[in-house]
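Number of protein chains: 4
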Amino acid sequence: MNLVEQYKQIRKHSEKICEPLETEDYVVQPVEDVSPPKWHLGHTTWFFETFILIPNAAEYQVFSENYNYVFNSYYETIGNRVIRTDRGNLSRPSVNDVYQYRAYVDEAMERFLQTTISDELLELLILGFNHEQQHQELLLTDIKYILGNNPLFPPYSADWKEESYLATEAKLITINEGVYEIGYDGGDFCFDNELNRHKVYLQEFEVSSELVTNGEYLDFIKDGGYTNFNFWHAEGWDWVLRNQIKAPMYWHLIDGEWCNYTLNGISLIDAKQSVTHISYYEAYAFASWKGMRLPTEFEWEVAAKQLNWGKRWEWTESAYLPYPGFNKAPGAIGEYNGKFMVNQKVLRGASVATPENHSRITYRNFFHPHLRWQFTGIRLAK
Amino acid sequence: MNLVEQYKQIRKHSEKICEPLETEDYVVQPVEDVSPPKWHLGHTTWFFETFILIPNAAEYQVFSENYNYVFNSYYETIGNRVIRTDRGNLSRPSVNDVYQYRAYVDEAMERFLQTTISDELLELLILGFNHEQQHQELLLTDIKYILGNNPLFPPYSADWKEESYLATEAKLITINEGVYEIGYDGGDFCFDNELNRHKVYLQEFEVSSELVTNGEYLDFIKDGGYTNFNFWHAEGWDWVLRNQIKAPMYWHLIDGEWCNYTLNGISLIDAKQSVTHISYYEAYAFASWKGMRLPTEFEWEVAAKQLNWGKRWEWTESAYLPYPGFNKAPGAIGEYNGKFMVNQKVLRGASVATPENHSRITYRNFFHPHLRWQFTGIRLAK
Amino acid sequence: MNLVEQYKQIRKHSEKICEPLETEDYVVQPVEDVSPPKWHLGHTTWFFETFILIPNAAEYQVFSENYNYVFNSYYETIGNRVIRTDRGNLSRPSVNDVYQYRAYVDEAMERFLQTTISDELLELLILGFNHEQQHQELLLTDIKYILGNNPLFPPYSADWKEESYLATEAKLITINEGVYEIGYDGGDFCFDNELNRHKVYLQEFEVSSELVTNGEYLDFIKDGGYTNFNFWHAEGWDWVLRNQIKAPMYWHLIDGEWCNYTLNGISLIDAKQSVTHISYYEAYAFASWKGMRLPTEFEWEVAAKQLNWGKRWEWTESAYLPYPGFNKAPGAIGEYNGKFMVNQKVLRGASVATPENHSRITYRNFFHPHLRWQFTGIRLAK
Amino acid sequence: MNLVEQYKQIRKHSEKICEPLETEDYVVQPVEDVSPPKWHLGHTTWFFETFILIPNAAEYQVFSENYNYVFNSYYETIGNRVIRTDRGNLSRPSVNDVYQYRAYVDEAMERFLQTTISDELLELLILGFNHEQQHQELLLTDIKYILGNNPLFPPYSADWKEESYLATEAKLITINEGVYEIGYDGGDFCFDNELNRHKVYLQEFEVSSELVTNGEYLDFIKDGGYTNFNFWHAEGWDWVLRNQIKAPMYWHLIDGEWCNYTLNGISLIDAKQSVTHISYYEAYAFASWKGMRLPTEFEWEVAAKQLNWGKRWEWTESAYLPYPGFNKAPGAIGEYNGKFMVNQKVLRGASVATPENHSRITYRNFFHPHLRWQFTGIRLAK
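Sequence lines, in order, name chains A, B, C and D. For the first sequence, full-length UniProt numbering gives the first residue as 1, with consecutive numbering after it. For the second sequence, full-length UniProt numbering gives the first residue as 1, with consecutive numbering after it. For the third sequence, full-length UniProt numbering gives the first residue as 1, with consecutive numbering after it. For the fourth sequence, full-length UniProt numbering gives the first residue as 1, with consecutive numbering after it.
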């Protein structure tokens with residue numbers, strides 16, 4: 001597929017995700033971490049405008065001078081921006097304005113992509129594609145949050161299935177101790193945080209071939225998992241008490257039955273599906289209760305080919321840290337990954353919301369340990 | 001005008017206020033005090049549905065069971081409700097849904113109003129009209145906040161003029177000491193907080209015929225009004241420091257010139273217009289700086305016929321307290337006024353946003369002393 | 001009594017209040033409103049040093065340059081100061097240092113008071129005496145808070161009795177409507193907030209001769225007073241829910257029996273004693289439950305001679321506002337009262353902690369409506 | 001040395017640290033992380049009473065039933081406790097009471113230690129010794145915080161020297177890539193978090209033989225280190241802005257010269273001494289500015305024998321995580337380390353406040369990345 005086609009396809013997919021929305025759904029930001037869908041649509045567009053068109057497309061006219069202030073996410077290099085908690089306070093630019101902004105930038109990009117693109121620029125362009133794909137996942141999880149926390153519980157769409165069933169009976173896979181290679185070594189795109197490829201020494205370990213199910217998690221709840229501090233980190237326990245956590249996000253006890261909100265609306269829990277929307281604290285507590293633990297990201301990467309993975313982001317025991325030889329790029333692009341490498345945990349795998357072609361065995365996702373609006377899940381090791 | 005016509009006219013006016021809005025403008029709640037316009041439209045409708053139709057219109061079918069939860073404001077008697085800070089997190093019911101809700105209730109109300117209405121019910125109905133008019137004022141001030149705090153500063157409408165000029169040169173009017181009667185004694189509607197009519201003793205005082213202008217307020221700013229604690233209450237001074245207040249709300253120093261945002265957009269300050277969007281703390285500090293004071297609400301009411309008033313709500317020195325013999329109604333309607341009678345200041349007059357026929361000399365408006373998104377102003381006394 | 005004797009007697013009384021304390025009790029500040037006893041001892045000393053000695057005693061040498069920073073309470077005119085919430089973080093100056101500071105200033109003051117004192121200075125001096133007496137009341141209530149919130153509940157002293165019994169059966173006293181004079185008009189000291197004496201018009205009212213007892217308050221609790229929003233202001237109800245208030249401060253339900261901590265330690269509630277340590281919100285809710293109300297400060301002052309008052313500060317319905325013609329003094333002394341005249345309620349009477357000779361019928365005490373560590377009580381009116 | 005002697009020596013050392021204090025210094029808690037010295041003295045005593053005497057010494061009588069509530073730190077197994085932020089609100093038990101508590105428990109312990117001690121109990125006892133030593137370090141850093149944040153800046157003692165000079169010129173030491181063994185394997189005491197000893201693979205790296213000095217750090221400040229976001233983690237940069245950080249803790253710019261508070265009082269910065277009281281965020285930013293990085297804890301442990309270490313705790317790049325095979329003990333003792341293994345960074349080495357015999361190459365200290373009241377320092381690697 002040529003660059004223009006690839007660009008169009010990725011850009012169109014973001015808009016397709018928003019098709020089932022009402023205009024109002026594009027606007028709200030119920031919590032800081034959940035951005036309004038129109039912000040995602042604008043921000044990904046701003047990325048191409050700011051990093052590709054403005055510095056490289058000679059005759060390009062900026063769509064609106066104010067949009068840099070509105071759609072910059074966290075790039076300090078690029079100047080001031082709407083503070084993150086205020087995104088949901090902005091009724092303008094309207095959804096219509098944002099779609100016009102997209103069309104305007106797309107038209108300029110498609111023209112620009114027919115010119116000769118240097119290798120360096122190509123790299124940046126591919127980063128822009130991957131950036132938009134990351135926001136496609138966020139779009140879907142943010143939409144789920146917006147609708148799933150509305151007292152009317154409107155379904156998003158019947159077409160999206162969240163299911164993630166066991167392929168087979170779960171079994172423990174044994175990996176021998178030894179030196180293994182970790183990190184990306186293919187010839188295609190990877191993020192800077194997947195480099196350098198380097199050696200690690202792993203002790204012998206066992207890891208489950210399958211994810212933990214809703215049924216198993218329900219046993220944890222019924223066994224008092226949320227009321228026994230012994231299973232929890234001190235910070236996790238504080239989090240449980242302060243927020244009165246009693247079940248995964250989107251679970252509701254209705255007339256004595258556990259139900260959960262999915263993109264299709266509210267329904268009874270399916271015991272065989274993989275549990276999702278749990279924090280790292282909960283994943284850790286569940287593993288403690290089982291007398292097991294979470295795998296490290298290195299164990300996960302080494303075992304990955306033997307695992308059934310791909311519909312849930314799997315919390316690992318690893319903190320998000322630079323690999324040996326990690327180097328951040330100069331300028332704004334260097335703010336992409338490195339500056340988040342503290343106080344976050346690595347997740348491996350991919351979720352039902354991850355765009356096609358946007359997952360690989362070396363991919364390192366990361367979130368703070370208390371967050372659970374992503375499609376997170378649990379795999380056990382020991 | 002008959003009841004049906006009166007009902008229709010008031011209801012239509014709320015919708016007219018919203019005509020210039022984009023759908024997105026109906027949804028956001030940038031601060032707790034500012035409710036989304038669609039919430040106002042729904043809440044005023046809910047008032048008629050809950051207090052008139054459900055208890056009295058035999059065959060009335062509730063539009064949606066969930067709307068009570070969404071559109072109850074603060075009536076504890078009526079059950080649980082969306083917490084106030086969450087109103088801006090709700091993308092649903094959509095703006096369209098809310099207009100359908102209005103049409104549905106209006107149709108039922110118009111039918112119901114053609115039946116025989118008891119005197120007691122008539123009283124409640126008139127309360128509902130006045131309630132909707134109060135929300136019309138809030139609609140406009142909330143819309144101003146939403147647009148005026150957007151970095152793009154979109155104008156609301158060229159048709160709305162905020163101007164409030166001096167009628168004549170300001171002069172001091174002297175009122176003799178003596179016993180005066182305060183409170184409503186007409187035969188039409190008034191709120192419970194305007195009763196009982198009772199006597200007060202006033203010492204001789206002087207009060208300005210006119211409101212303080214932007215030009216006079218600018219002198220206060222230039223003379224260091226916001227940097228000299230001597231003019232302020234201790235709590236006012238804390239508020240200035242904590243919020244780094246340097247001018248009235250909506251004022252911006254652009255290229256060395258003071259501008260302000262009005263419903264028509266951003267433009268230079270008009271020195272002759274009455275200053276507006278100031279807190280009680282600022283009104284008090286300005287008066288201290290002038291060596292004067294604010295009138296009490298009783299002084300205001302006694303002098304009102306000799307004053308030029310009506311385009312700004314005027315902060316008074318009076319705390320919002322019950323009049324002698326004040327009695328709250330039983331049930332939910334009793335929650336209307338009495339439960340707010342602590343820590344608020346009385347404002348008298350009316351503003352450019354007050355609906356026609358919704359002001360009178362005995363009207364008692366009230367807000368917390370730090371709030372300034374209403375069209376508030378200053379009148380001096382001594 | 002001559003000035004020197006009066007000075008010595010007042011100063012000694014502050015130290016006598018602290019006699020039963022351990023050194024550690026002088027240091028802590030468990031909540032913002034409660035200052036460490038050593039701070040009170042230092043601050044009252046600083047008042048005499050700063051306002052009397054430094055400007056007037058020619059050869060006076062400041063005890064320590066740093067103490068102005070440590071012991072200034074809220075006088076902006078006098079410069080920077082330790083922020084109020086930090087008073088309990090200061091282990092130095094030590095208790096010993098503070099007593100040395102007192103001795104040093106006392107010695108200088110006693111010498112100074114033997115010189116000729118101008119009338120103006122005399123006025124300031126008398127203010128200093130009254131200021132120290134106000135802090136004597138705070139010393140005792142702050143000590144009670146410090147000991148009464150310690151898990152060991154140490155008694156303060158067997159000598160202090162908190163009792164406040166009914167003199168006689170409570171009866172309702174009727175006061176006729178008419179014009180009355182309010183405010184101080186004696187020839188001795190009064191605070192600026194008791195002036196000017198002025199006329200008010202009161203409607204006919206009835207007021208109880210006695211305060212509400214623990215027994216009556218217990219009936220309110222048993223009747224669900226703390227669980228029925230109807231009795232409360234909206235802000236009061238929020239306060240109840242947020243702080244899970246279920247009884248007056250210092251009350252504890254131990255093995256099914258209501259006990260309370262007094263300066264003598266923990267013991268069973270005495271049903272006949274006047275209830276104390278309640279907020280304005282609770283006083284108002286109790287009155288609502290009774291179908292009555294609190295008196296205004298003007299009603300209280302007019303009825304005072306016929307009331308049994310003097311062991312509890314009585315919440316009134318009045319907001320703390322300036323009297324007609326109120327004028328604050330120039331300079332730091334002008335910061336004494338006026339700048340607090342917003343968002344507070346007036347209390348009338350006197351408490352068991354009020355120093356002798358520090359109460360009068362025109363005295364206006366004031367606190368925020370949620371506070372209850374003072375010896376507050378309830379008198380009903382209608 | 002026999003057990004009794006060892007016990008007495010360790011216990012006496014805690015009291016020796018407190019010798020220079022005034023009674024008041026034992027009481028205050030200026031920030032949550034800094035406990036009152038009397039709390040440390042009581043808590044370490046409570047540890048021996050609760051875990052050794054009560055379960056094992058048949059005739060032991062508890063000193064006071066209430067002390068468990070007062071002196072439990074974070075052991076959920078052992079029941080309720082004073083919340084951590086309230087420790088500074090307790091004036092009782094008095095300092096005297098706490099010393100009596102110590103004497104009482106010491107006497108019982110010394111008697112008990114002359115009986116036959118099982119191996120299991122011996123292990124617990126040695127943990128108690130190490131626990132008290134950890135609190136000795138905290139005692140000193142907490143005292144420094146209490147005195148160093150007092151506006152009078154009282155010195156602690158002339159006897160304690162904080163100096164930590166370069167042994168020699170700093171040079172880079174190269175360590176070859178390969179598999180290394182990490183973790184404790186001696187026959188004496190170690191904490192559970194130092195186990196299991198296991199293999200890691202390290203890439204070749206260089207590490208400085210010496211710590212970063214005040215002089216080098218001053219260059220970072222002068223070069224705009226605190227004003228350039230590029231050097232910082234996103235969370236570190238937020239921390240700098242929110243807290244207006246401009247230099248290490250205890251540094252003050254006085255008349256244009258950088259001074260710092262040490263245990264000996266305030267004096268000019270010594271450029272040759274190792275910088276201390278910096279957060280992980282600052283250590284990371286400094287390293288970025290130098291174009292280097294911090295070592296991992298594994299790199300540190302492998303290189304340790306060639307490093308000049310021991311007067312500063314050295315921030316590493318490693319997150320505090322369990323070693324392979326980590327197992328927490330059952331019961332309260334199992335709460336010692338494991339439950340803190342999230343969101344903290346490992347520090348290696350030892351500081352001037354670390355008790356003798358309480359440091360070793362495998363020791364893992366840990367703190368949250370923003371904290372800086374410990375004697376922390378920086379070593380560079382690449």
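It is possible that part of the hints are untrue.
A pair holds if it fits inside one copy or across any two, identical chains being indistinguishable in the list.
[What the hints assert, rightly or not] As a list, the in silico DSS-like pairs of lysine-lysine whose alpha-carbon atoms are at most 27 Å apart:
no., residue 1, residue 2
1, K199, K382
2, K272, K246
3, K16, K171
4, K16, K328
5, K290, K246
6, K382, K305
7, K222, K328
8, K272, K382
Just so you know, the hints here were simulated from the structure itself, not pulled from any lab data. Treat the numbers as computed from the prediction; the structure is a model and nothing was measured.
(request) May I ask which of the numbered hints given earlier this structure violates, with the numbers listed in increasing order? (result) The structure conflicts with hints 3 and 4, although it agrees with all the remaining ones.
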